[in-house]
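Here the sequence shown stands for residues 745 to 897, where the numbers follow our numbering.
Worth flagging that the hints you see were computed from the coordinates, not collected in a lab. Treat the numbers as computed from the prediction; the structure is a model and nothing was measured. Be careful, since some hints might not be right.
Simulated restraints, written as ranges between beta carbons of each label pair [claimed, not checked]:
hint : residue 1 : residue 2 : range
1    : Gln769    : His826    : 51 to 57 Å
2    : Leu836    : Asp859    : 29 to 35 Å
3    : Asp778    : Leu754    : 25 to 31 Å
4    : Gln863    : Thr829    : 25 to 31 Å
5    : Arg840    : Asp764    : 31 to 37 Å
6    : Asp764    : Asp885    : 40 to 46 Å
7    : Glu763    : Trp813    : 18 to 24 Å
8    : Leu872    : His826    : 23 to 29 Å
9    : Ile875    : Glu763    : 21 to 27 Å
Virtual Cβ for every residue (Gly too), placed ideally from N, Cα, C.
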Amino acid sequence: AIPDAGKLKLPAAYVVPSEDVTGEQKSQTDYWQDLTEGFSVIVVLSNERDEKGQWASYDAVHDVRHEIWKAVLGWTPDPDAHEITYAGGMLLELNRYELYYQFDFTMKYEIDESDTRQQDDLNALDDLKTIGIDVDFIEPDGETEHHTEITLP
745 AIPDAGKLKL
755 PAAYVVPSED
765 VTGEQKSQTD
775 YWQDLTEGFS
785 VIVVLSNERD
795 EKGQWASYDA
805 VHDVRHEIWK
815 AVLGWTPDPD
825 AHEITYAGGM
835 LLELNRYELY
845 YQFDFTMKYE
855 IDESDTRQQD
865 DLNALDDLKT
875 IGIDVDFIEP
885 DGETEHHTEI
895 TLP
């Protein structure tokens, strides 16, 4: 779970990256791919008995989940992404003193050519100013019969 050196006073929450899931590359001429980026909120709650002698952790998980949902569901922290959605949760660890619970969330992105190395290479090229055309029109014999150049504005 969380190393002792990084533990906060209870109740505590830690935001950590989780799984990235990609779709197929959808373009034949540039780059276009769906990405679902995941992150998790791991909460650590006291699991000691309450004043009635009962374990209070179930109600606490429900209450914390509600507060986390209010804080992040539907939020779009990145203008290039869709809103944050809930992807589920699970118990990580339970002992007499602490309960560790993980809430999972996702955001969908589209990876496009601006995210690739190819776009950087294209941006580094000089502007196209002239097109040279060599024509071998009689019988393709490797001899250029006509040459023309087109200068672009």
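Here is how each hint holds up against the structure:
no.: 1; hint: Gln769 to His826: 51 to 57 Å; verdict: violated, 19 Å
no.: 2; hint: Leu836 to Asp859: 29 to 35 Å; verdict: holds, 33 Å
no.: 3; hint: Asp778 to Leu754: 25 to 31 Å; verdict: violated, 38 Å
no.: 4; hint: Gln863 to Thr829: 25 to 31 Å; verdict: holds, 29 Å
no.: 5; hint: Arg840 to Asp764: 31 to 37 Å; verdict: holds, 36 Å
no.: 6; hint: Asp764 to Asp885: 40 to 46 Å; verdict: violated, 55 Å
no.: 7; hint: Glu763 to Trp813: 18 to 24 Å; verdict: holds, 20 Å
no.: 8; hint: Leu872 to His826: 23 to 29 Å; verdict: violated, 36 Å
no.: 9; hint: Ile875 to Glu763: 21 to 27 Å; verdict: violated, 47 Å
Of the hints listed earlier, those the structure fails to meet are numbers 1, 3, 6, 8 and 9, in rising order.
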